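Peer 1: Position one of the sequence shown corresponds to residue 0 (numbering that gives the first Met the number 0), numbered consecutively onward.
It is worth saying that the hints were derived from the structure and are not from the lab.
Quick list of in silico lysine-lysine cross-link-like pairs, DSS-like style, CA-CA up to 27 Å:
| hint | residue 1 | residue 2 |
| --- | --- | --- |
| 1 | LYS23 | LYS1 |
| 2 | LYS109 | LYS58 |
| 3 | LYS82 | LYS109 |
| 4 | LYS58 | LYS23 |
| 5 | LYS152 | LYS302 |
| 6 | LYS65 | LYS364 |
| 7 | LYS211 | LYS272 |
In this text the structure is predicted, and so the values were computed from the model without any measurement.
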Amino acid sequence: MKIAVAKETREHETRVAATPETVKKFIKAGAEVVVQSGAGDSASIPDAQYEDAGATVAKTYAQALKGADVVLKVQRPTEAEVKSLAKGQKLFCIMSPYAEPAIMEALADKGVDAYAMEFMPRITRAQSMDVLSSQANLAGYKAVIEAANTYGKAMPQMMTAAGTVAPAKVFIMGVGVAGLQAIATARRLGAIVTATDVRPATEEQVASLGAKFIAVKNEEFEQAQTAGGYAKEMSDDYKKQQAELVAGHIAKQDIVVTTALIPGRKAPVLVTKEMVASMKPGSVIVDLAVEQGGNVEGAEYAKVVTTDNGVIIVGHANVPGRLAADASALFARNHFNFLSPFIGEGGALEIKDDDELVQGIRLTKDGEIVHPNFAKEAAE
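Could you put the whole structure together from the sequences, leaning on the hints where they help?
Peer 2: Here's what the structure looks like:
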């Protein structure tokens with residue numbers, strides 16, 4: 000089996016899909032690895048480190064892909080990159096088919112078997128393969144660090160000879176992987192932390208990290224979680240009640256971090272313009288959902304904006320990529336952890352069609368769109 004590691008070309012993408020660590024593991028398993036020159040530059044991994052690990056470095060994208068059985072990327076290919084992919088190749092990356100279905104369709108037309116790593120089933124067996132969790136963990140940490148850097152005051156309470164510095168009040172909205180890491184990080188920095196989520200199971204998790212849970216607790220709240228652990232879309236009535244509760248709370252906060260996402264849909268608006276207007280000058284909001292439309296009214300993708308009342312809204316693109324080395328290391332391990340059980344004698348890849356993980360992430364096969372979320376749409 001020949002594995003090609005492509006250099007990312009999409010804007011703001013700094014990560015790479017394989018590291019010298021995982022290259023060594025693939026080679027030990029019997030695979031041949033070719034890395035496109037410069038693929039690891041933005042993650043502080045020069046070509047020489049890949050060569051030392053046993054990989055061959057190809058000058059161009061097309062050369063790296065030539066003859067490859069497997070192509071590893073972080074982000075879905077661009078329209079131009081699809082042209083260099085060949086029939087029968089297996090592509091593993093974050094596909095984002097809801098955002099750009101045309102790329103999925105183009106891959107099917109080319110006969111490329113595309114696998115969306117972000118669709119990895121959330122079961123125990125797949126935890127080490129879950130790119131969403133590994134990257135969200137870093138995003139939650141980095142969001143608080145970015146907020147602390149932007150905020151014009153100290154995070155912890157400080158007792159000084161000149162007087163006391165009050166601790167910052169931090170509010171985390173959405174208590175998934177990113178939210179939990181944000182809570183833990185803000186607590187380590189000495190802030191007073193509160194958090195909210197529509198899933199009742201998160202209340203205990205928030206409390207275990209030393210933060211206070213804020214939510215409207217009614218019958219709908221008690222049933223607001225899918226079997227897969229995701230948040231359900233809430234009713235308009237619940238959203239209204241929750242918004243009223245949050246509006247009163249948010250006006251008192253110094254820092255807000257929003258993390259709420261709904262798979263395949265635009266991110267829900269959690270912080271309205273009126274809520275932003277109620278906050279104090281110098282307050283900071285970090286919107287981790289800005290790439291899917293944003294949780295905050297007024298947030299702008301890949302920009303930091305200051306409102307008329309002096310609130311700073313941070314909408315950085317690709318927050319995990321701001322920790323490129325660590326993000327790449329985790330992403331690369333996710334790839335290896337998924338593929339390694341399917342590597343047989345002599346390094347041959349033997350994907351099992353009946354495996355639930357394969358069925359969960361495979362988008363296209365043999366020229367057809369096969370994922371149940373999209374196959375019906377394609378048939379229509």
